[in-house]
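Participant: Taken in order, these protein sequences are the chains called A and B. Take 626 as the starting number for the first sequence in our numbering and just add one per residue. Take 626 as the starting number for the second sequence in our numbering and just add one per residue.
Identical copies look the same in the list; a pair holds intra-copy or inter-copy alike.
Derived pair list, reagent style EDC-like, types lysine to aspartate or glutamate, alpha-carbon separation capped at 20 Å:
| hint | residue 1 | residue 2 |
| --- | --- | --- |
| 1 | 681 | 692 |
| 2 | 649 | 712 |
| 3 | 627 | 721 |
| 4 | 627 | 692 |
| 5 | 649 | 634 |
| 6 | 785 | 759 |
| 7 | 763 | 749 |
| 8 | 785 | 764 |
| 9 | 681 | 667 |
| 10 | 763 | 704 |
| 11 | 715 | 747 |
| 12 | 627 | 693 |
Read the hints as simulated data drawn from the structure, not as lab findings. Here the structure is a predicted model, which is why all the values come from computation and not from measurement.
2 protein chains.
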Amino acid sequence: MKYPSHLLENAVNEFASLPGIGRKTALRLALYMLRRDVEYTEQFAAALTALRRDVKYCRLCHNICDDELCPICANPSRDHSMVCVVENVKEVMAIENTGQFRGVYHVLGGIISPMEGIGPADLEIDSLVERVSEGNVKEVLLALSTTMEGDTTNFFIYRKLAPYHVKVTVIARGVSIGDEIEYADEVTLGRSIVNRVEFGDGMKNF
Amino acid sequence: MKYPSHLLENAVNEFASLPGIGRKTALRLALYMLRRDVEYTEQFAAALTALRRDVKYCRLCHNICDDELCPICANPSRDHSMVCVVENVKEVMAIENTGQFRGVYHVLGGIISPMEGIGPADLEIDSLVERVSEGNVKEVLLALSTTMEGDTTNFFIYRKLAPYHVKVTVIARGVSIGDEIEYADEVTLGRSIVNRVEFGDGMKNF
Chain A
626 MKYPSHLLEN AVNEFASLPG IGRKTALRLA LYMLRRDVEY TEQFAAALTA
676 LRRDVKYCRL CHNICDDELC PICANPSRDH SMVCVVENVK EVMAIENTGQ
726 FRGVYHVLGG IISPMEGIGP ADLEIDSLVE RVSEGNVKEV LLALSTTMEG
776 DTTNFFIYRK LAPYHVKVTV IARGVSIGDE IEYADEVTLG RSIVNRVEFG
826 DGMKNF
Chain B
626 MKYPSHLLEN AVNEFASLPG IGRKTALRLA LYMLRRDVEY TEQFAAALTA
676 LRRDVKYCRL CHNICDDELC PICANPSRDH SMVCVVENVK EVMAIENTGQ
726 FRGVYHVLGG IISPMEGIGP ADLEIDSLVE RVSEGNVKEV LLALSTTMEG
776 DTTNFFIYRK LAPYHVKVTV IARGVSIGDE IEYADEVTLG RSIVNRVEFG
826 DGMKNF
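Generate coordinates for the entire structure from the input sequences, incorporating the hints supplied.
Facilitator: The following block contains the structure:
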C-alpha cells in the first residue's frame, strides 16, 4: 500500500501496531483523526502519554491506581483477610462488577506461560507470599483463567503458600449459567458433576 | 464499569471515542500501552499529533500529502487531462493499487448526504468545476460509491460540468470478478446486462 503522505503512513503504522488492529482499520482511524479538530487529537495523545507516564501501581495489590494505594486496598470496610489472586486489572474490574466479593485483590500481572516466556519471577508471586507470611491473610482465592497456564500458576502458588497454612481456594468451575447441558463441553460437565454442591447451599447467593 | 484509576479511564474513553472501538477493546488497548515502554506511547502520540497538526492537502486534487502538491499531481508522466473524482484518500489508494489509472485525481472529501448533513458546499466541487473551466481537462471519471448518495453526487457534478462540454464518465457497474451469477443481486445483474460490452473489447485490460 502506497501512502500519499509520510505523516499519514506513520500514524497508520502506529495504529496498526496495536493488537487486533489491521492496516485497513488503522487507516480508517487515522483519517477519522483528520476529520476531527486538532484539540481532539491533542487530547487523545495527552491521555495516552499521561496514562503511560504517570500510572501508579498499588503497593499492596499491584493494581493500577492513582495513589500509593488503590481504592479497594484503601477501603477499611473490605475484608483484608481474604485475598483474591487475579491475572490483571481487567479481572479485578470483572469480579468487582459481580458484587459478590468483599475481600481485596492481588494482581499478578500475568500468568505463567512458558510459550510466551513468562516465568514465576516475572509475576507478583513473591510479594503475594510476603503478604501471606505477615499472618493477616486467612484465605487466598485463586481466580485465574481456567486454562493450562492458569492451572500451572494456581499449582505454583499453592506450593509456595503451603508453608504458611493459609486456606487456598479456587473459583468454582462448572456449567455457565444460562448454558444448555447438551452443549456444555465434556470436561466442564464432568467437573461440574464431581464438584456438585448440595442444593440450596451453593446457590445461596442467587 | 468502575476503573481503579482516572488516568486509565481517560485513556479508555479516548480509545472508545474512535469509530468501531468499544469499551472492552479500548481497555485492552490502554492496557497494551502499559505493557510497552514509555517511548512506545510517546512515539504513538507524537505520530498522531504530527499528522493532525502538520497534514497538508494538495492544492490541485485536495488529497492528503506532505508538500504543496501530492506525488501524483507533481508527476509529469501522469495524464493531467484525465481527472478521476473520488470521495477520499482511501479511494485514491485503492485505485492506485489497481495500476489501471494513469490520470490524476480530485478528492471531494465526502459525498452529498442529507442524512449526515453533508451538502455540495461541504465538498470540493467548486474547485473541480474551476479545474475543468481552465480547459485542460478532457475527461472527468466519476468513481464514487455506487450508492444513492454516490449517484446523487455524480448527478450533481454532471450538471455542474455540463456548461464546459467535458467528457464525463462513470466507473462500470456490473458483476464483481469472481462472483457467481446465481448470487449477484438483481439490480447489479440487470445493469450488467443493459451495459454489456462487446466480447474482447471491454476485457482488453485483463
